[in-house]
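Peer 1: The chain contents come next:
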Amino acid sequence: MSLWTYIIRRLLYVIPVVLGVCLVVFVLFNVVLGDPTQILLGKHATAAQMAEMRAELGLDQSWFIQYIDVVKSAFTFDFGRSWSTKQEIISMIKEGAIPSLTLSLPAFFIATVFSIVISLFVSFYRGGLLDKTIVLVCVGLMSVSSLVYILYGQWFFAYKLGLFEISGYEEGFPYFIPYVALPVIIWVIISLGPDVRFYRTVMLDEIYMDYVRTARAKGLSEKVILFKHVLKNAMIPIITYVIIQLPFLILGALLFESFFSIPGLGGMTLTAINSLDFPVIRAMTVLSAIAYIVFSVITDVLYTVVDPRVRLS
Amino acid sequence: MKALSTLLVVLNLLVAFSCTKKQDATEKVLNIAVGSEVKGMDPIYANDRYSSNEVARIYEGLLEYHYLKRPYTLVPNLAEALPTVSEDGMVYTFKIKKGVLFHDDPAFADGKGRELVAQDFVYSLKRLADPKLQGLGWWLLDGKIKGLTQWREKNGKADTVNYDEEVEGLKALDSHTLQITLAKPFPQFLYSLAMPFTFAVAKEVVEKYGKEFVNHPVGTGPFVLPRFKQSNKIVYTKNPKFRKKLYPSEGDEKYKKLGFLKDAGKPLPLVDKVVVHIIKETQPRWLKFQKGQIDYNGVDKDNFQSAIPDSKTLDPKMKAKGMKLLVAPSLDVTYTAFNHDLEIFKSNVKLRRAMSLAYDIATANKLLNSDVALPAQSVVPPGIAGYLEDYKNPYRGYGQPQDIEKAKKLLAEAGFPGGKGLPEITYDCPGSTTARQIGEYFKKEMAKIGVNIKIVQNTWPELQKKITNRTVMTYGIAWGADYPDAENFLQLLYGPNKAPGANGSGYDNPEFNRLFKIAAVMQDTPERTALYEKLTRIAAEEVPWIYGVHRQNYTIHHGYLKNFISTDFDAGQAQYLSVDLEEKAKALKKL
Amino acid sequence: MGSSNQKTKSKSLWIHAFDQIKRDKLAITALAIVCLYFLIAFLSWAGIIAADWNKEIGPSYAEPFGDYLLGLDLFGRSVFIKMIKGTEVAMSVGLLTGLISMVIGVTLGGIAGYFGGKVDEVIVWFYTVFSSIPNIMLLMAIAFVLGKGLMSVYLALGLTGWVGLCRLIRGEVIRHKDREYVQAASAIGGGDFRKLFKHILPNVLHLVIINFSLQFQSAIKSEVILSYLGLGVQGTPSWGTMIDDAKLELARGVWWQLAAATFAMFFVVLAFNILGDALRDALDPKLKGK
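Going down the list, the protein sequences come from chains A, B and C. Here the first sequence stands for residues 1 to 313, where the numbers follow the working numbering. Here the second sequence stands for residues 1001 to 1591, where the numbers follow the working numbering. Here the third sequence stands for residues 2001 to 2290, where the numbers follow the working numbering.
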């Protein structure tokens, strides 16, 4: 199979998956959760009003047509308007994406760089006390609930010490920095545990490979081996791991955004969940699913390009 | 770890060199915090307090509540004066103020806001009735204005809504005279004209922006907002062309004494800018207030003890920083409702009374309301006619041994001695932490007489849905007044208002219904008050709900914020508020 | 060279792993902590301890280390006893969630890997769809469908946690199914399911165990988030609800509920993580050469 056929086949596979996601979304929101009109009309709703509303929203259509609508929205990105805020969903998403990314991209970048540096460091001292201690500390850091970090960090560092803004957001560089600094730090602390653990395993995998033994036998210094050979070879799983996490960054961090009043997509999703704003929830689900699928295809393709053996298996 | 601390230092430096936008120090800025998303700027969808407050900064109605008078008194706003009412109380004629301009907007000819006319109100009220738009305030006018309900029904079937078709009860007699004819007596009608649902919008703007109208608020009000964005912050600026509206030069004695008339006669609004911060969590809101980034903030039970240690006066430390405390009763009632569709509650007043007696309201008040709320004896709160001043509900428990004894006895008489034979009773409540704690308390209290409660938390819409679908057994909820009239509370127990109406518990008592029906159409007279009181008494002794409390509103504001009063109807309040910049600069140094 | 050989080989893997763990003091400590938590949870479940968590024993928000060990909560209930009772909830959430996702993951992964072809394609499609939907949406939907409560916490977390294991098992089963010992089993006439469950699965069991211990701790952490979202445990104290309470308490200086729940959670989550790592090091043949 040539590379191109593989890529095309892989891309075509996106279609059934998107259809499947739409099916799940449709079943959850249109069939199981059912009639939202009461929710929308509030405390003074009458039966006649609810019927009018159902017709307005197209909920009196057959299920097949409703499903087709969901699928259509996945390909046209026309998700309609939010039920609760009456805003156009696609513009809500566009507006929310920037604050989300100003929080999640730096956090992700810093966390990744830190984790890689730390895991290189501990791989160098593998098995020693330093290795064990650092890994233990990282795992310890992730054993505390993120909610605790948020609550305590906001109260102590932002309020008591006044190092950061307590909450809120300001558009534009560099104005957003004081607002996102604390959430970014917390994010980094939480991610160190799983990331260091993963990267360390990847590097140790490489270190025990035959070629490393050969290199060592040839008398290369441990540092050279680590930086020149191990890191280079470990890059493939590292990049895969990084890319596959990217789509989740778009959703930002639900808790961070709602606790620090950052007007991003995560907070928006949380609000939508709390007010049962189905079109928004549906849009976010479909969009993040598509992002996930697209990015996993990219990973697969990259992987194949770098390491042709994968395609054959 | 070293790298981590380096990062901390670097970030701190960044913050220290301050990336914060500098605010103009000579500008009077009002900083307000709200705890929930604002739903958009269309008056007909403003069905919660947050959205209606935002709408009321931009839009105005015919009437408003006098800022410095209690009990709440309606005064003209866009109307010249209170309307003339025909003898039978059915025809209301309003004169509308001349020279009131809409905000500038491209929707108008050459972008200049035009003058407001009577026809705008005809249009705005029709818009609230528009079946395609599904305005959330329609219940307010449903069946009340002659011909409007028919107009809605007719247009609901058509493809497009025809605004040109006349409605008998809604007429612009000339450019500045509006006549409204009611379909049936509705003495509370005037209150609805002070609610944001009925505020005036301009047809040109609605038509130009279509569905985007919600983001292009253009009213006649004191502040302007060129474009609304769903964000964590909304910034309004003073309307430079605001009509000559002055700060009231009269008010209640108590407000006079407190110096609320210092700004009397000054043109409104008193600030240049209003910044609304949307902060959903309690902790950041409180912390930001402490830093002076927000001008006033409600005190909730968890900040209560630190802010108001003796339940009456402000903590000396906060006082020293210039903060001030305001206490005001709010027009509301909290309660735990029974589902009267269930035979077990419907036909068993003894069970209801037993549960009400077992519920120790005194301790609940202490734990959940910092001991400052007023235990409710019935449905109507103090401050409006119909409230029974010294009345004590015989089935109200205070945690005394005799209350529990009586409760146990009643429970046995109801056929469930010691709770035997009773199923597990579910208690549905909203999803907040406080709501959960209230539920836990209820569970604990009921366990005292052997009644087993299971707490179920819901999102707010989910809870509403469950109530409407009658799938609850008991649920905890509160009601805040739409307008200051006991009718707004008593209707919660009126049988024909059963779900999906406002009577979520489904309580249906023929005698109560009969009396309510009479009282609801009476003008404000001593006879009506007597009827209201009678209804209140029935509502107390029949225990259709376990009553909770009438809450007190505790608000702390910084000393530099002037003219702040806590009110149940705070729409439009921002125009009266002022900020003393010198004091603020001094205060910020202390915070 | 039949299945028996493979079996002894896998047995020796276990013995070897056991030896290795025995020598690892940290792992043994972690195991002891986990056992202690299980014991506490069991005693609380059986009603022997912490049955009276709902009792008011003193003033609202009494401070810790005075008359009351870890202080009291809003209703004057002992934070210490609530913490113990919370252990029961946390351990049951971890255990049941782990079990649910294990059953689903192993079954689907095993079937997909073993049978291949159309069945495999459908299952792969299914879990790809499932994993591309953000967890939070699924959690919410499941909570709505099942109603609130402990049961739906188990199911919601269990039903969203199986994909990783399923993928892993599928890969391993594919690797194993053409091995000699499996072919030998079919030579003596073993049915498909017999081969899958009796011969192949024991050889991938170590993956299941590692995964289980990691799933366990992440479920405990997720319970906190669910509580914050109002989708959590109701009616009994859990660490999640205790931390959620703290978001209102911290500003008034009540830190002991937060601290108690955080510490209780910290040790068990840490222990599970260490145990998971130790198991992986001991059981994963890839790393055995070192």
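Calculated from the structure, these hints are not laboratory results. All C-beta atoms, glycine included, are put in the ideal place defined by N, C-alpha and C. Fair warning: there could be bad hints in the mix.
[Stated by the list, open to error] Here are the simulated lysine-lysine pairs, DSS-like style, with alpha carbons at most 25 Å apart:
{"id": "1", "chain 1": "B", "residue 1": "Lys-1233", "chain 2": "A", "residue 2": "Lys-86"}
{"id": "2", "chain 1": "A", "residue 1": "Lys-86", "chain 2": "B", "residue 2": "Lys-1321"}
{"id": "3", "chain 1": "B", "residue 1": "Lys-1366", "chain 2": "C", "residue 2": "Lys-2055"}
{"id": "4", "chain 1": "A", "residue 1": "Lys-160", "chain 2": "B", "residue 2": "Lys-1584"}
{"id": "5", "chain 1": "A", "residue 1": "Lys-160", "chain 2": "B", "residue 2": "Lys-1406"}
{"id": "6", "chain 1": "A", "residue 1": "Lys-94", "chain 2": "B", "residue 2": "Lys-1229"}
{"id": "7", "chain 1": "C", "residue 1": "Lys-2025", "chain 2": "B", "residue 2": "Lys-1454"}
{"id": "8", "chain 1": "B", "residue 1": "Lys-1146", "chain 2": "A", "residue 2": "Lys-160"}
{"id": "9", "chain 1": "C", "residue 1": "Lys-2055", "chain 2": "B", "residue 2": "Lys-1406"}
{"id": "10", "chain 1": "B", "residue 1": "Lys-1317", "chain 2": "A", "residue 2": "Lys-160"}
{"id": "11", "chain 1": "B", "residue 1": "Lys-1280", "chain 2": "A", "residue 2": "Lys-94"}
{"id": "12", "chain 1": "B", "residue 1": "Lys-1319", "chain 2": "A", "residue 2": "Lys-86"}
{"id": "13", "chain 1": "B", "residue 1": "Lys-1448", "chain 2": "C", "residue 2": "Lys-2198"}
{"id": "14", "chain 1": "B", "residue 1": "Lys-1589", "chain 2": "A", "residue 2": "Lys-160"}
{"id": "15", "chain 1": "B", "residue 1": "Lys-1586", "chain 2": "B", "residue 2": "Lys-1324"}
{"id": "16", "chain 1": "A", "residue 1": "Lys-160", "chain 2": "B", "residue 2": "Lys-1144"}
{"id": "17", "chain 1": "A", "residue 1": "Lys-86", "chain 2": "B", "residue 2": "Lys-1448"}
{"id": "18", "chain 1": "A", "residue 1": "Lys-72", "chain 2": "B", "residue 2": "Lys-1312"}
{"id": "19", "chain 1": "C", "residue 1": "Lys-2025", "chain 2": "A", "residue 2": "Lys-132"}
{"id": "20", "chain 1": "A", "residue 1": "Lys-94", "chain 2": "B", "residue 2": "Lys-1233"}
{"id": "21", "chain 1": "A", "residue 1": "Lys-160", "chain 2": "B", "residue 2": "Lys-1586"}
{"id": "22", "chain 1": "B", "residue 1": "Lys-1444", "chain 2": "C", "residue 2": "Lys-2055"}
{"id": "23", "chain 1": "B", "residue 1": "Lys-1132", "chain 2": "A", "residue 2": "Lys-86"}
{"id": "24", "chain 1": "B", "residue 1": "Lys-1280", "chain 2": "C", "residue 2": "Lys-2055"}
{"id": "25", "chain 1": "A", "residue 1": "Lys-94", "chain 2": "B", "residue 2": "Lys-1208"}
{"id": "26", "chain 1": "B", "residue 1": "Lys-1321", "chain 2": "A", "residue 2": "Lys-160"}
{"id": "27", "chain 1": "A", "residue 1": "Lys-94", "chain 2": "B", "residue 2": "Lys-1211"}
{"id": "28", "chain 1": "B", "residue 1": "Lys-1208", "chain 2": "A", "residue 2": "Lys-86"}
{"id": "29", "chain 1": "C", "residue 1": "Lys-2055", "chain 2": "B", "residue 2": "Lys-1420"}
{"id": "30", "chain 1": "B", "residue 1": "Lys-1280", "chain 2": "A", "residue 2": "Lys-86"}
[As the list claims (entries may be wrong)] Computed spacing ranges between beta-carbons, pair by pair:
{"id": "31", "chain 1": "B", "residue 1": "Thr-1237", "chain 2": "A", "residue 2": "Ala-97", "range": "51 to 61 Å"}
{"id": "32", "chain 1": "B", "residue 1": "Lys-1366", "chain 2": "C", "residue 2": "Thr-2107", "range": "51 to 61 Å"}
{"id": "33", "chain 1": "C", "residue 1": "His-2016", "chain 2": "A", "residue 2": "Asp-205", "range": "35 to 45 Å"}
[As the list claims (entries may be wrong)] Sample of chain A residues facing chain B (criterion: CB under 8 Å; computed from the structure):
{"id": "34", "residue": "Met-53"}
{"id": "35", "residue": "Leu-59"}
{"id": "36", "residue": "Ser-84"}
{"id": "37", "residue": "Asp-210"}
{"id": "38", "residue": "Phe-259"}
Peer 1: Please go over all the hints and tell whether each is borne out by the structure.
Peer 2: Hints, verified against the model:
For the proposed pair Lys-1233 (chain B) and Lys-86 (chain A), the alpha carbon gap of about 18 Å is at most 25 Å, so the pair holds. The hinted pair formed by Lys-86 (chain A) and Lys-1321 (chain B) fails the criterion: a straight-line CA distance of about 42 Å is larger than 25 Å. Restraint check for Lys-1366 (chain B) and Lys-2055 (chain C): the C-alpha separation of about 17 Å stays at or below 25 Å, so the hint holds. For the hint linking Lys-160 (chain A) to Lys-1584 (chain B), the alpha-carbon distance of about 21 Å falls within 25 Å, and the restraint holds.
The suggested pairing of Lys-160 (chain A) with Lys-1406 (chain B) is violated, with an alpha-carbon distance near 51 Å, which exceeds 25 Å. Taking the CA atoms of Lys-94 (chain A) and Lys-1229 (chain B), the gap is about 12 Å. The hint holds against a cut of 25 Å. For the given pair, Lys-2025 (chain C) sits about 45 Å from Lys-1454 (chain B) by alpha-carbon distance, which is inconsistent with the 25 Å threshold. A distance of roughly 61 Å separates the Cα atoms of Lys-1146 (chain B) and Lys-160 (chain A); the hinted pair therefore is violated under the 25 Å criterion.
Only pairs whose Cα atoms come within 25 Å are accepted, and Lys-2055 (chain C) paired with Lys-1406 (chain B) is accepted, the gap being roughly 22 Å. A C-alpha spacing of about 16 Å is found between Lys-1317 (chain B) and Lys-160 (chain A), which places the hinted pair at or below 25 Å, so the restraint holds. At roughly 22 Å between alpha-carbon atoms, Lys-1280 (chain B) and Lys-94 (chain A) fall within 25 Å of each other, so this suggested pair holds. Restraint check for Lys-1319 (chain B) and Lys-86 (chain A): not satisfied, since their Cα atoms lie roughly 43 Å apart, outside the 25 Å limit.
Among the hinted pairs, Lys-1448 (chain B) with Lys-2198 (chain C) is inconsistent with the structure: their alpha-carbon atoms are about 55 Å apart, more than 25 Å. A threshold of 25 Å between alpha carbons decides the hint, and for Lys-1589 (chain B) with Lys-160 (chain A) the separation of about 15 Å falls inside it, so the pair holds. Distance hint between Lys-1586 (chain B) and Lys-1324 (chain B) is fulfilled; the C-alpha atoms sit about 15 Å from each other, no more than 25 Å. Between Lys-160 (chain A) and Lys-1144 (chain B), the direct Cα distance comes to roughly 55 Å. Violation of the 25 Å bound is thereby established for this hinted pair.
For the given pair, Lys-86 (chain A) sits about 48 Å from Lys-1448 (chain B) by alpha-carbon distance, which is inconsistent with the 25 Å threshold. Only pairs whose Cα atoms come within 25 Å are accepted, and Lys-72 (chain A) paired with Lys-1312 (chain B) is rejected, the gap being roughly 60 Å. Using a Cα cut-off of 25 Å, the hinted pair Lys-2025 (chain C) and Lys-132 (chain A) holds, with the two alpha carbons roughly 12 Å apart. At most 25 Å may separate the alpha-carbon atoms for a hinted pair to count; Lys-94 (chain A) and Lys-1233 (chain B) meet this at roughly 17 Å.
In summary, the hint linking Lys-160 (chain A) to Lys-1586 (chain B) is supported, as the alpha carbons are separated by about 20 Å, within the 25 Å threshold. With a CA separation close to 8 Å, the supplied pair Lys-1444 (chain B) and Lys-2055 (chain C) stays within the 25 Å bound. Among the hinted pairs, Lys-1132 (chain B) with Lys-86 (chain A) is consistent with the structure: their alpha-carbon atoms are about 14 Å apart, no more than 25 Å. For a cut-off of 25 Å, the pair hint linking Lys-1280 (chain B) to Lys-2055 (chain C) is broken: about 32 Å separates their Cα positions.
The suggested pairing of Lys-94 (chain A) with Lys-1208 (chain B) holds, with an alpha-carbon distance near 23 Å, which does not exceed 25 Å. A threshold of 25 Å between alpha carbons decides the hint, and for Lys-1321 (chain B) with Lys-160 (chain A) the separation of about 16 Å falls inside it, so the pair holds. Restraint check for Lys-94 (chain A) and Lys-1211 (chain B): satisfied, since their Cα atoms lie roughly 18 Å apart, inside the 25 Å limit. With a C-alpha separation of about 17 Å, the suggested pair Lys-1208 (chain B) and Lys-86 (chain A) falls inside the 25 Å cut-off, and the hint holds.
Distance restraint check for Lys-2055 (chain C) and Lys-1420 (chain B): the Cα-Cα separation of roughly 22 Å lies within the 25 Å cut-off, and the hinted pair is therefore satisfied. With a C-alpha separation of about 20 Å, the suggested pair Lys-1280 (chain B) and Lys-86 (chain A) falls inside the 25 Å cut-off, and the hint holds. The supplied range of 51 to 61 Å is broken by Thr-1237 (chain B) and Ala-97 (chain A), whose beta-carbon atoms lie about 27 Å from each other. At about 54 Å, the beta-carbon gap between Lys-1366 (chain B) and Thr-2107 (chain C) stays in the expected band of 51 to 61 Å.
About 20 Å separates the C-beta atoms of His-2016 (chain C) and Asp-205 (chain A), a value inconsistent with the hinted range of 35 to 45 Å. Because the smallest distance between the Cβ of Met-53 (chain A) and any Cβ of chain B comes to about 6 Å, under 8 Å, the interface hint for this residue holds. For Leu-59 (chain A), the interface hint is violated, the least distance from its beta-carbon to any beta-carbon of chain B being 13 Å, above 8 Å. About 6 Å separates the beta-carbon of Ser-84 (chain A) from the nearest beta-carbon of chain B, less than 8 Å, and the hint is met.
Residue-level restraint check for Asp-210 (chain A) is violated (minimum Cβ-Cβ distance to chain B is 33 Å; threshold 8 Å). Contact between Phe-259 (chain A) and chain B, as hinted, is supported at the beta carbon level, the nearest pair being about 5 Å apart and thus within 8 Å.
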